[in-house]
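Make a model of the complete structure from these sequences and hints.
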Amino acid sequence: MAPEVREKITAPVYSLKNRFSFWERLIRRMEADWQVEGQYPISAYSNDLDCRDQLQASLSQLPDTAQAALAGLLRALDERFMQRTESDETGELRPWLRPSSGMARHGFWLRKPRVVPW
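Counting in the numbering used here, the sequence shown runs from 1 upward without gaps.
A portion of the hints provided could be inaccurate.
Stated by the list, open to error - Here are the computed distance ranges between Cβ atoms for each label pair:
hint	residue 1	residue 2	range
1	71	115	21 to 31 Å
2	9	110	26 to 36 Å
3	7	83	40 to 50 Å
4	75	118	34 to 44 Å
5	2	91	36 to 46 Å
6	2	79	38 to 48 Å
Unchecked claim - With a straight-line cut-off of 20 Å between C-alpha atoms, the simulated DMTMM-like cross-links for lysine to aspartate or glutamate are:
hint	residue 1	residue 2
7	112	89
8	8	33
9	112	31
10	112	64
11	17	78
12	112	79
13	17	88
14	112	78
15	112	7
16	112	86
17	112	88
18	112	53
19	17	79
20	17	53
21	112	50
22	112	48
23	8	31
24	112	4
In short, the hints are calculated from the structure, not lab data.
In this text, all values refer to a predicted model and were calculated from it rather than measured experimentally.
The C-beta atom is built at its ideal place from N, Cα and C for all residues, glycine as well.
This is the structure:
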């Protein structure tokens, strides 16, 4: 990594806090029917689903008290995600969604936004 880039990184990009932020940002975009600035390619959706999988894996590594505190937040976000998505019964998105290798695919991978931005 170039020194000028390394100097700008002040916190881990994939910290637990940032993973929660990424997951919430996706949900907020869906709740706004994608009326946000910029593009949101399907690869970003795949990345956000990966982020959700990583959240689950990270929470399981935390002490019970921290796990319990954050599990409620994750459940609330997941409920909002479920409200803005539907089952991808036809498999329309499956050719485009590839979870990171070695990651468990949660049921979120089998859902698609009710309003699809692609």
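Hint by hint, here is what the structure shows:
1. 71 / 115: 21 to 31 Å: holds (28 Å)
2. 9 / 110: 26 to 36 Å: Because 34 Å falls inside the window, the suggested range holds.
3. 7 / 83: 40 to 50 Å: Given about 41 Å between the Cβ atoms, the range holds.
4. 75 / 118: 34 to 44 Å: violated (28 Å)
5. 2 / 91: 36 to 46 Å: About 41 Å separates the Cβ atoms of residue 2 and residue 91, which means 36 to 46 Å holds.
6. 2 / 79: 38 to 48 Å: holds (42 Å)
7. 112 / 89: holds (9 Å)
8. 8 / 33: violated (32 Å)
9. 112 / 31: holds (13 Å)
10. 112 / 64: Outside the cut-off at roughly 32 Å; violated.
11. 17 / 78: holds (16 Å)
12. 112 / 79: Holds, at roughly 14 Å.
13. 17 / 88: violated (29 Å)
14. 112 / 78: holds (13 Å)
15. 112 / 7: violated (38 Å)
16. 112 / 86: holds (6 Å)
17. 112 / 88: holds (6 Å)
18. 112 / 53: Satisfied, since the Cα-Cα distance of roughly 16 Å is no more than 20 Å.
19. 17 / 79: Holds: residue 17 and residue 79 sit about 19 Å apart, inside 20 Å.
20. 17 / 53: The given pair, whose Cα atoms are some 14 Å apart, holds under the 20 Å limit.
21. 112 / 50: holds (14 Å)
22. 112 / 48: holds (12 Å)
23. 8 / 31: Violated: residue 8 and residue 31 sit about 32 Å apart, past 20 Å.
24. 112 / 4: violated (39 Å)
Checked against the numbered hints given earlier, the structure breaks hints 4, 8, 10, 13, 15, 23 and 24 and satisfies all the rest.
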